[in-house]
Amino acid sequence: MQFGIFSVADITPDPTTGAVPTERERIRGVVEKAKLAEEVGLDVFAVGEHHNPPFVTSSPTTTLGFVAAKTERLLLSTATTLITTNDPVKIAEDYAMLQHLADGRVDLVMGRGNTGPVYPWFGQDIRQGIELAVENYHLLRRLWTEDVVDWEGEFRTPLQRFTSTPRPLDGVPPFVWHGSIRSPQIAEQAAYYGDGFFHNNIFWPIRHTKQMVEFYRQRFEHYGHGTADQAIVGLGGQFFARERSQDAVREFRPYFDNAPVYGHGPSMEDFTRETPLTVGSPDQVIERYLAMRDHVGDYQRQLFLVDHAGLPHKTAMEQIEILGTKIVPVLRRELDALRPAHVPDAPTHASLVAARDAALAAEGEQPYSDAYRFGTGDNWTGLTAEGGEQARRQAALRELREQRRLAGSAAGRETAAREAAEKGNGHE
Amino acid sequence: MSDVRPLGLVVISSGLSVPSTTRMLADRLAASARDVLERDGHTVRTSFIEVKDLGHDIVDATLTRFAGERLQSAIDALKAADGVIAVTPTFNLSYAGVFKSFIDVVDPGTFTGVPVLLGATGGTARHSLAIDYALRPLFGYLKADTVPTSVFAAAEDFGAATTAKAEDSLQERTLRAGTELAQYMLRFAGITGGAVAPTRARTGPAAASAEPAVDQRGRAGALEEFADFVPMGTLLGR
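The listed protein sequences derive, respectively, from chains A and B. Per our numbering, residue 1 is the first one in the first sequence, and the count goes up by one each step. Per our numbering, residue 1 is the first one in the second sequence, and the count goes up by one each step.
Fair warning: there could be bad hints in the mix.
Partial pick of chain B residues on the chain A-facing surface, computed with a CB cut under 7 Å [claimed, not checked]: (1) Asp60; (2) Pro137; (3) Phe229.
Worth flagging that the hints you see were computed from the coordinates, not collected in a lab. Every residue gets a Cβ at the ideal spot worked out from N, C-alpha and C, and that includes glycine.
Could you build all of it, start to finish, from the sequences and the hints given here?
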């Protein structure tokens, strides 16, 4: 199981001192947190994407590229990448680039953003949020898996003989999760592609999270990616821990009471009862998060928000230290021991490469080659005849595997039955 | 005559004091409807939502956008109701703010087609049009099936300024309203014929799914949230 932290790098005044970090302090602080996350043994660092104050996360791949250079093992992810307002061509390029620079330590969580006004800032229409997420993502996948793309859709100019560069590292795109809090359509999208589903439940009761995850799991099985319990699930979470629980409660309460996202609503006690927020000793945090699998089943990724509510950088760093040294070792040991053998880990670059290589070998195909397969002239588009042949053949084989999987699934059988019925009607 | 299941009557009472004339009116309206139904051989299960007791939960839900467990059980009761009695004090021409706040955290579609009897209380009968001016449009918007007779109780009604048998006494008005609600409930529950289901605009996603997103009367069904999607193959034109 993967554990990590995620940040949206909000600039929130510390309610106990009134101190407000500068943009530089906050941005550099996020990088420090990522480095510490690796040092204390966490697996994942994810950064959000917002394009408005009080956030300083408008350029995730710049941040992640910088973090990649400062770390060695940490998996770099997003929380989330706006699939609605970013041009899928730019996402394809940026994250393939990051893959190469970070040696494959990259995945993404797709999201639709938390604020309506972001749509017009990037020339899009919020009323088409879902449609944008569907079309853009489908194009993004094609840009990563097909060397040369001809495409036409609703929301951007058509592409003719377009090659997104660099090609994904080792010919394997980053693994993708889809984040959604309330939209079944996004869970459906994740399930359709066999992608991960990330439920950022930090402001929601577990009964809601459970329903969303169950829905995604059913649909994952429906599309033939495996059994429902093999679907790839991630959860958000947040805590504040001190050795003694009363110290944690005393220290965190002024932050809770005044934070823009919590304050002046439910009491901290009510909120901690209803949501994953846990304020107490490391043991209490462990107990709370061990129980998540009782609601959502064995899952693959647990990310924590630690730098929120105006907590000072130093305090957030202490929380990462406690998380990595006191909380996660126990969660990891216990949850990994409980997970049945047939439930997979979250895919990584290495596992995706291995799976692809195994599939090629099973088909008697040559191993994947990353030899440069494009023309090198000026303004060249498309594959060279000699270099492109193998890549084309292997892409066709991959497409065939996908078709076979879908045909053998419940979804495929439904489609076949419907088509047979329609054909029958046609003869009458 | 034995019913398959008891009829569910849910009473929303948003009086703010104890004892509350709003609750007294709500009790009388509930008793009146129940008496009519029981006389007819039906079993009635009445439950009360005391909005005052949910005050903090309602504000919390307004801010967090999810209902805590206690508030959720009240909302769930409404979703299963065969009839609703809604009673509020009159403040500044309209329903109490906390009453509206409660309605605002109930999921859209909950009242669609549901028989609702409206009641209000106030210091004097001069405020009685608040029901038709404020409450009825609200429930009209919610597509509730409001019964024609509503009951406004002023302080003088509880002082029995009129005799019980007088045509406009609180007792008589309560009885008329309760009788109407009972008839509407029987129709809504399908025990008597003639129910008219309000139509709900079916968005594309729900139409494409196998499970009905709404029950036969057009009310929001429990499955609605997760029926609201289009299978990806359809979206991608496959």
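Going through the hints against the structure:
1. Asp60: 4 Å, holds
2. Pro137: 28 Å, violated
3. Phe229: At 4 Å from the nearest chain A Cβ, phenylalanine 229 of chain B passes the 7 Å test, so the hint holds.
The structure fails hint 2 only (numbered hints given earlier).
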